[in-house]
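2 protein chains.
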Amino acid sequence: MHVPTDGLPDRITVYEVGARDGLQNEKTVVPVEVKAEFLDRLADAGLATLEATSFVHPKWVPQLADAADLLERLDRRDGIDYPVLVPNERGLDRALDAGVRHIAIFASATETFARKNLNRTLDEQFTMFAPVVKRARGEGLRVRAYVSMAFGDPWEGAVPPAQVAAVGKRLVEMGCWQLSLGDTVGTGTPGHAEAVIDACVAAGIGTDALAVHFHDTYGQALANTLAALRCGVTTVDASAGGLGGCPYAASATGNLATEDLVWMLDGLGIAHGADLEALVATSAWMAGKLGRPSPSRVVRALNG
Amino acid sequence: MHVPTDGLPDRITVYEVGARDGLQNEKTVVPVEVKAEFLDRLADAGLATLEATSFVHPKWVPQLADAADLLERLDRRDGIDYPVLVPNERGLDRALDAGVRHIAIFASATETFARKNLNRTLDEQFTMFAPVVKRARGEGLRVRAYVSMAFGDPWEGAVPPAQVAAVGKRLVEMGCWQLSLGDTVGTGTPGHAEAVIDACVAAGIGTDALAVHFHDTYGQALANTLAALRCGVTTVDASAGGLGGCPYAASATGNLATEDLVWMLDGLGIAHGADLEALVATSAWMAGKLGRPSPSRVVRALNG
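Sequence order for the protein chains is Z and S.
Going by our numbering, the first sequence opens with residue 221, and the numbers climb by one from there.
Going by our numbering, the second sequence opens with residue 221, and the numbers climb by one from there.
No wet-lab data here; the hints were simulated from the structure.
Backbone N, C-alpha and C fix where the C-beta goes; we use that ideal spot for every residue, glycine too.
Just so you know, not all the hints are guaranteed correct.
What the hints assert, rightly or not - Covered stretches of chain S (chain Z as the covering partner; in silico rule of three or more C-beta atoms under 8 angstroms from a C-beta of chain Z):
id	segment
1	341 to 351
2	378 to 385
3	437 to 451
4	509 to 521
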């Protein structure tokens with residue numbers, strides 16, 4: 221069957237966030253050896269970018285308190301990228317000690333969330349991140365920047381795309397190689413996705429420096445991803461089995477499920493490198509460890 | 221905020237199928253007065269096309285055995301269209317007795333499903349439908365035709381778009397005013413949606429005569445709808461609260477939820493006439509009657 225692919229990329233990078241963003245809000249404590257096996261299975265399933273954990277203080281994210289232990293246990297393979305979230309210079313020290321080659325920082329597109337999540341003003345966050353990015357770059361590390369609340373904000377409502385682009389621009393100028401535009405509360409829609417990406421491009425940020433990170437709280441994640449692909453974005457964040465939620469949204473639905481994304485990509489003939497069957501088996505196994513069904517529709521359909 | 225709307229329609233018709241397609245597979249028997257209230261509440265919520273019930277034999281769909289009673293109780297309002305599914309001439313008699321002005325027939329795009337669901341060959345189904353459509357037209361009724369298994373078929377796999385278009389063409393030539401292209405098993409993806417619509421247009425069927433009917437079994441329904449809107453389709457089937465399932469799919473997930481569709485349309489600035497808050501309240505009420513949470517992400521997020 222011939223499938224129209226006007227404006228769509230031939231290949232994309234799936235940036236798998238299940239082990240970090242997916243697990244960080246889980247109440248059930250996942251043993252470190254299960255996390256290591258999860259990452260191994262995701263690598264076996266063909267995913268080549270696996271955000272592994274976070275060096276945020278255990279007081280804030282107890283689930284990821286085992287970050288150093290996990291990285292030590294993990295058989296980090298050639299050709300697989302294992303980025304790690306780093307909140308500050310202390311986190312960077314720990315990441316460097318663990319031999320991490322790729323970090324991510326977590327910035328805010330809004331004033332209110334910068335204050336609530338970082339205890340900084342929107343402007344002060346750059347002062348906080350600058351030395352982290354500079355030192356990481358000096359050590360030869362790649363730095364991704366999450367731009368959270370890039371669509372809606374629970375306190376401020378819809379966020380102006382130009383504001384998102386201005387925040388993104390400063391992060392790129394600081395030395396970040398990729399921005400992940402995060403719809404943290406999941407309220408965004410496909411035209412909104414286009415507007416945010418257009419604003420970034422208008423600010424001089426190339427689509428090759430953009431990733432999208434959609435939450436499915438309002439069921440929009442895959443439609444938004446399709447819109448982003450049509451805009452030329454070729455890196456998509458997703459979480460195996462749809463793991464993860466947003467503590468600021470009433471619903472338990474979370475990240476775009478990697479399997480649902482892969483199903484769409486396969487239908488569109490867009491290469492991604494992942495093996496759907498192995499992914500589904502991995503997510504079903506992890507759902508068992510967490511004691512609840514996967515929110516991924518594909519996992520449920522194929523494993524029902 | 222300016223939202224890009226290249227190629228999207230200004231307004232669409234939501235064809236609400238919750239009371240028929242949504243309820244028909246529900247195990248919990250819904251009392252006729254609850255169905256009447258459901259339809260009244262959907263009308264109050266601004267939906268103007270409400271498929272009300274089916275005159276299929278009660279042996280096949282016991283849930284809708286009360287079709288005549290429901291239509292008698294229902295306060296059918298001016299300006300609201302209440303189409304009713306009709307399987308054959310006997311069903312048409314009952315629909316005419318009930319004063320129905322708009323019927324729908326349920327055709328198959330594949331040989332296997334025609335045999336299993338209609339006990340006819342693909343070709344014989346037209347012989348079965350022809351007198352129904354002819355007489356309905358003679359009585360001044362509008363006839364919609366569902367083209368089921370228009371994407372994937374559980375027995376035949378992917379269905380060639382040209383085959384779907386050929387079936388659709390014969391139904392249009394028979395006098396059907398609208399085709400509803402049904403992804404009955406939910407395996408379709410956005411490029412596939414474009415291919416099927418393109419094939420219909422190539423066969424001489426205008427997009428004004430097309431509707432799309434997506435199931436969310438693999439999480440693709442909203443992305444597919446977006447692709448269909450970009451192709452010029454302006455009628456979208458949806459089910460309040462995501463009611464309904466497919467008996468041939470392992471998963472319980474069913475129709476595209478009207479609320480998730482409306483959320484996207486609102487974001488895109490596409491008019492539809494529905495009041496989201498009233499819809500969510502109606503679906504939450506119906507979920508209570510059915511004793512299980514709504515699968516709609518929007519209903520869960522706003523009613524969690």
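Status of the hints after comparison with the structure:
1. 341 to 351: The restraint on the segment 341 to 351 of chain S is violated, since only 0 of its residues have a Cβ under 8 angstroms from chain Z and three are required.
2. 378 to 385: Contact hint for the segment 378 to 385 of chain S vs chain Z: holds, 3 residues under 8 angstroms.
3. 437 to 451: With 9 residues close enough to chain Z, the hint holds.
4. 509 to 521: As far as the segment 509 to 521 of chain S goes, the hint holds, because 5 residues have Cβ atoms under 8 angstroms from chain Z.
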